Amino acid sequence: MTKLFQSLGDWFDNRTGVRKIIHESLYEPIPGGARWRYVWGSTLVMAFVTQLVTGVFLWMAYSPSTQTAWESVFYIQYEMNGGWLLRGIHHFMAQAMVVLLAIHFLQVVWDGAYRAPRELNFILGLILMLIVLGLALTGYLLPWDQKGYWATSVGTNLASQAPVVGPDVKKLAVGGSEYGHQTLTRFFALHAGVLPGALMAFLVLHIALFRRHGLHARKPDHKLDAMFWPDQVLKDSIAALAVLTVVLGLTIYFGGAELTAPADPANPYDAARPEWYFLFLFQFLKWFPGELEVWGAFIIPGLIMAVLFLMPWIGRTRTGHLINIALLFVLLGGAAALTAQAIHEDYFAAWNSKEDILKADDPVLAARYEASERFLNAKTEAHREAERVIELAESPQRIPPTGALSMMYDDPLLQGPKLFAQNCASCHNFVDPSKPVEEQPHAIVNNKPTAPNLFGVGSEAWALGILDPEKVASAHYFGYEGSPFVDGEMATYVTDTFGADVDDEQKAQAKEAFHKIAEALEAEAALPTGPKPNEERKNRIAEGRELIAGGLSEMLDSGMSCTDCHKFHDTGDLGTAPDLTGYMSREWLLAFVRNPAGERFYGDNNDRMPAFGPHDNPQLNQLDDKSLGLIVDWLRGDWVRVAQPVEKFDETP
Amino acid sequence: MSDHQMDIPPQLSVKIPGAPVGNRRSFFAITAAVVAGSIAVLTPIGVGIAAFLTPLFRKSKSPEVRIALLDQVPDDGLPRYFPVVADREDAWTRYPAQRVGAVYLIREAGQETPTAFTAKCPHAGCFIGYTPGAKVFQCPCHTSAFKLNGERVNGDAEVAPRGMDTLPVSIRQAKAGDGTEIAEVWVEFIDFQTGHKEKIPTA
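Sequence lines, in order, name chains Z and D.
Using my numbering, the letters of the first sequence map in sequence onto residues 1 to 653.
Using my numbering, the letters of the second sequence map in sequence onto residues 1 to 203.
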């Protein structure tokens with residue numbers, strides 16, 4: 001058997017000369033023996049191989065187009081076996097590679113390993129470094145999430161400012177004047193094809209030249225020379241394993257790479273920041289106002305790169321070598337300082353208390369605090385959005401063919417608050433009155449409301465508030481600033497029902513009746529979050545309906561019931577007060593927002609509420625039908641619920 | 001291999017006994033080889049590059065977009081935010097009625113036609129934000145700030161190279177169902193290059 005293998009091996013070697021190649025690659029003499037300090041180049045090769053392997057498997061699941069990029073990354077991250085681990089390793093190994101590059105580079109300069117005859121190999125190394133940074137830059141966009149989209153678009157906009165060719169370079173990189181399908185296909189081709197190909201080609205040259213000139217030994221040599229195999233290989237392997245351990249640790253600690261909400265060209269992401277190793281560049285640009293930007297973005301970085309490329313020649317003399325080392329430390333120190341500054345600015349609001357800043361009465365500090373607050377809020381908001389989109393994508397309804405972004409646009413839970421803030425919040429509040437505002441991260445607060453608080457409209461509790469003498473005159477209902485209703489018939493009716501001259505027994509009776517009415521009104525609204533009516537509740541609702549339709553008049557001294565002013569199904573007339581038929585149902589609320597001054601609602605008694613959609617032609621309306629629907633659905637709590645039935649979203653994440 | 005070991009340089013030309021040297025025929029052979037080889041290699045590269053350059057030959061048109069009703073922009077000198085909704089084409093996909101950007105409309109007392117600022121920052125293209133009640137617009141990316149008339153707060157010391165970009169505005173009358181006329185604000189939504197002192201359209 002051994003003989004057979006032996007002769008097969010001989011035959012193969014005779015045809016290929018493979019033994020010599022293996023021998024040459026393994027039996028490289030290491031002057032002074034194997035050492036830990038020689039492992040960095042090998043760890044970089046190993047990191048690159050990891051990226052190739054994980055990258056190819058990610059490629060098998062990735063689809064570059066604006067309707068499928070985020071969606072396919074979502075699928076990798078949340079549905080494929082260990083997909084999060086695969087993507088996490090790719091993500092964190094990319095960062096490890098940048099760190100290893102810095103170490104490798106620093107060591108080469110420190111040791112003067114760039115000196116003759118290794119100048120060209122140093123330059124090959126710099127080219128490899130630029131390729132790796134290019135890979136990092138192009139990879140950041142591929143998930144097509146808010147973070148990558150906006151950070152990269154800042155980058156390509158900067159590129160467009162390059163003198164003369166800038167705008168054309170940007171168009172070619174982006175594949176048009178705006179981000180879209182062609183941006184993804186191009187970035188992906190660069191990321192998975194052109195750049196890795198170039199990297200491999202340059203890596204082969206880099207290693208070939210390294211072999212040609214041999215390892216640059218640190219002198220003096222203490223020990224005897226040794227061979228690459230197995231001594232150095234063992235050390236390299238252990239180092240590679242250590243790198244992998246760190247990367248795996250980070251991946252598991254962070255639960256893989258982040259995937260923020262799908263890229264939305266219309267909704268900017270205020271926390272758009274590049275990856276941490278580019279932060280210093282981002283911060284550097286802030287130092288160059290206006291047209292001086294060219295200096296910050298191109299000229300100075302270009303000069304620095306030029307000096308780096310010239311290092312082997314600058315370092316020919318001892319002084320020159322020291323200059324190189326000094327320069328490198330200045331650059332690294334500067335980059336570290338800029339990075340720290342960028343992080344400090346972004347997290348300023350998290351690390352300082354608002355009171356202290358306000359006390360200082362310094363407009364610069366205040367502006368910094370505000371900017372940081374916006375950054376942090378945008379981050380939290382993006383997390384919330386991402387959680388919701390992922391929740392919807394995982395739900396049985398899945399992602400529609402138009403992509404996750406359209407799913408986001410159709411979700412009342414995500415769009416409702418935004419539309420409410422834009423169109424309704426200048427008058428209305430959306431705050432749960434039973435809880436302190438600080439405990440409600442999603443409350444929309446208007447401190448000087450000129451209209452009722454709309455939190456929980458249509459619910460039993462909300463209806464009961466109108467029927468409560470203390471609440472009806474509060475700012476949450478009709479007691480808002482300049483309200484014509486605070487002394488109106490409804491408020492007076494409720495207050496009188498519980499007036500000082502009414503005896504306790506009748507008060508208790510009225511209270512019980514109002515409860516039933518509130519339940520009946522909630523049944524009219526048919527909220528998706530409403531309790532499932534059991535037999536007992538059904539009876540109470542039926543009683544409530546009878547009370548509304550006239551029953552109340554027999555019970556109260558005033559002799560009035562709801563239908564004396566309101567219409568309720570077949571009883572009462574329109575024209576004096578809002579119709580209670582289907583009160584706060586989707587149809588009712590839509591019609592109301594379209595035109596609150598309509599006969600069916602407040603008519604001539606309408607306060608300041610504008611008609612948001614009075615025209616049949618949607619072009620003439622302030623709000624389009626879709627936005628109206630989203631606001632109404634959100635107010636009614638009518639959205640797809642996946643994990644928990646109610647109010648999952650109202651908890652702090 | 002070490003530094004001291006010098007490789008023997010490979011010989012550029014090898015003499016084959018009996019073969020003619022340096023005559024006209026070999027000159028043609030060399031030229032023909034270079035030309036044929038180059039054409040064979042360069043043709044696919046050229047075709048690829050031509051396809052790759054497509055975006056440079058595509059001109060995009062700035063759409064005229066209906067932004068809001070004039071009633072929605074009271075003449076109180078306060079900016080109001082409106083999304084810009086237009087049909088958008090991205091390579092092979094057509095998105096009807098998409099938010100393609102945003103504008104701020106401002107109308108000073110007595111001013112008939114509002115001023116429109118695009119929300120795109122002239123510095124690096126981020127979306128400029130405005131908190132209702134604030135006295136400045138603020139860009140979240142590189143902290144540029146603009147006065148409500150679009151000028152840079154810190155003049156030339158600002159990161160942004162120019163003030164906020166205004167867009168051409170027109171008022172059009174639309175007819176409601178009952179025959180009454182409603183004034184609408186229309187804007188020509190031009191995209192400008194970032195980072196320059198001058199306003200240069202990207203298209």
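For the record, the hints were derived by calculation from the structure and aren't laboratory data.
The model shown is predicted, which means the values in this text are computed figures rather than measured ones.
Note that CB positions come from ideal geometry on N, CA and C, so glycine has one too.
Hints are not guaranteed to be accurate.
Per the computed footprint, the stretches of chain D lying under chain Z, defined by three or more beta-carbons under 8 Å from a beta-carbon of chain Z, are [stated by the list, open to error]: (1) 58-69; (2) 95-106; (3) 109-116; (4) 122-133; (5) 153-166; (6) 169-181.
Here are the computed lysine-lysine pairs in the DSS-like style, where the Cα-Cα straight-line distance is at most 30 Å [to be verified]: (7) Lys-359(Z) x Lys-175(D); (8) Lys-626(Z) x Lys-448(Z); (9) Lys-286(Z) x Lys-135(D); (10) Lys-418(Z) x Lys-197(D); (11) Lys-471(Z) x Lys-359(Z); (12) Lys-538(Z) x Lys-507(Z); (13) Lys-147(D) x Lys-197(D); (14) Lys-626(Z) x Lys-418(Z); (15) Lys-147(D) x Lys-59(D); (16) Lys-286(Z) x Lys-235(Z); (17) Lys-135(D) x Lys-379(Z); (18) Lys-286(Z) x Lys-379(Z); (19) Lys-626(Z) x Lys-61(D); (20) Lys-379(Z) x Lys-471(Z); (21) Lys-511(Z) x Lys-435(Z); (22) Lys-354(Z) x Lys-175(D); (23) Lys-135(D) x Lys-538(Z); (24) Lys-532(Z) x Lys-567(Z); (25) Lys-175(D) x Lys-286(Z); (26) Lys-626(Z) x Lys-379(Z); (27) Lys-135(D) x Lys-354(Z); (28) Lys-147(D) x Lys-135(D); (29) Lys-471(Z) x Lys-511(Z); (30) Lys-286(Z) x Lys-354(Z); (31) Lys-354(Z) x Lys-448(Z); (32) Lys-147(D) x Lys-359(Z); (33) Lys-61(D) x Lys-197(D); (34) Lys-567(Z) x Lys-538(Z); (35) Lys-448(Z) x Lys-175(D); (36) Lys-418(Z) x Lys-448(Z); (37) Lys-379(Z) x Lys-61(D); (38) Lys-507(Z) x Lys-567(Z); (39) Lys-286(Z) x Lys-197(D); (40) Lys-379(Z) x Lys-354(Z).
Okay, the hints, checked on the actual structure:
1. 58-69: holds (count 5)
2. 95-106: holds (count 5)
3. 109-116: It is violated, with 0 qualifying residues against the three required.
4. 122-133: holds (count 7)
5. 153-166: Coverage by chain Z holds for the segment 153-166 of chain D (8 residues, Cβ < 8 Å).
6. 169-181: holds (count 3)
7. Lys-359(Z) x Lys-175(D): violated (55 Å)
8. Lys-626(Z) x Lys-448(Z): holds (29 Å)
9. Lys-286(Z) x Lys-135(D): holds (22 Å)
10. Lys-418(Z) x Lys-197(D): violated (34 Å)
11. Lys-471(Z) x Lys-359(Z): violated (37 Å)
12. Lys-538(Z) x Lys-507(Z): Judged against 30 Å, a Cα distance of about 24 Å means the pair holds.
13. Lys-147(D) x Lys-197(D): holds (17 Å)
14. Lys-626(Z) x Lys-418(Z): Roughly 13 Å between the alpha carbons, so the hint for Lys-626(Z) and Lys-418(Z) holds.
15. Lys-147(D) x Lys-59(D): violated (33 Å)
16. Lys-286(Z) x Lys-235(Z): violated (44 Å)
17. Lys-135(D) x Lys-379(Z): This hinted pair holds, its Cα atoms lying about 25 Å apart.
18. Lys-286(Z) x Lys-379(Z): Holds, at about 21 Å.
19. Lys-626(Z) x Lys-61(D): Holds: Lys-626(Z) and Lys-61(D) sit about 27 Å apart, inside 30 Å.
20. Lys-379(Z) x Lys-471(Z): violated (37 Å)
21. Lys-511(Z) x Lys-435(Z): OK: Lys-511(Z) and Lys-435(Z) at ~24 Å, within 30 Å.
22. Lys-354(Z) x Lys-175(D): Answer violated: Lys-354(Z) to Lys-175(D) is near 51 Å, above 30 Å.
23. Lys-135(D) x Lys-538(Z): violated (55 Å)
24. Lys-532(Z) x Lys-567(Z): Measuring from Cα to Cα gives roughly 26 Å; hence the hint holds.
25. Lys-175(D) x Lys-286(Z): violated (49 Å)
26. Lys-626(Z) x Lys-379(Z): holds (27 Å)
27. Lys-135(D) x Lys-354(Z): Cα-Cα ~20 Å, so holds.
28. Lys-147(D) x Lys-135(D): holds (7 Å)
29. Lys-471(Z) x Lys-511(Z): Holds, at roughly 14 Å.
30. Lys-286(Z) x Lys-354(Z): Given that 30 Å is the threshold and the Cα spacing comes to 25 Å, the pair holds.
31. Lys-354(Z) x Lys-448(Z): Within the cut-off at roughly 22 Å; holds.
32. Lys-147(D) x Lys-359(Z): holds (25 Å)
33. Lys-61(D) x Lys-197(D): Judged against 30 Å, a Cα distance of about 23 Å means the pair holds.
34. Lys-567(Z) x Lys-538(Z): It holds: about 22 Å lies between the C-alpha atoms, which stays within 30 Å.
35. Lys-448(Z) x Lys-175(D): violated (36 Å)
36. Lys-418(Z) x Lys-448(Z): holds (19 Å)
37. Lys-379(Z) x Lys-61(D): The hint is violated at about 34 Å.
38. Lys-507(Z) x Lys-567(Z): Holds, at about 25 Å.
39. Lys-286(Z) x Lys-197(D): Given that 30 Å is the threshold and the Cα spacing comes to 17 Å, the pair holds.
40. Lys-379(Z) x Lys-354(Z): holds (19 Å)
The structure does not agree with the numbered hints 3, 7, 10, 11, 15, 16, 20, 22, 23, 25, 35, 37 stated previously, though it agrees with the rest.
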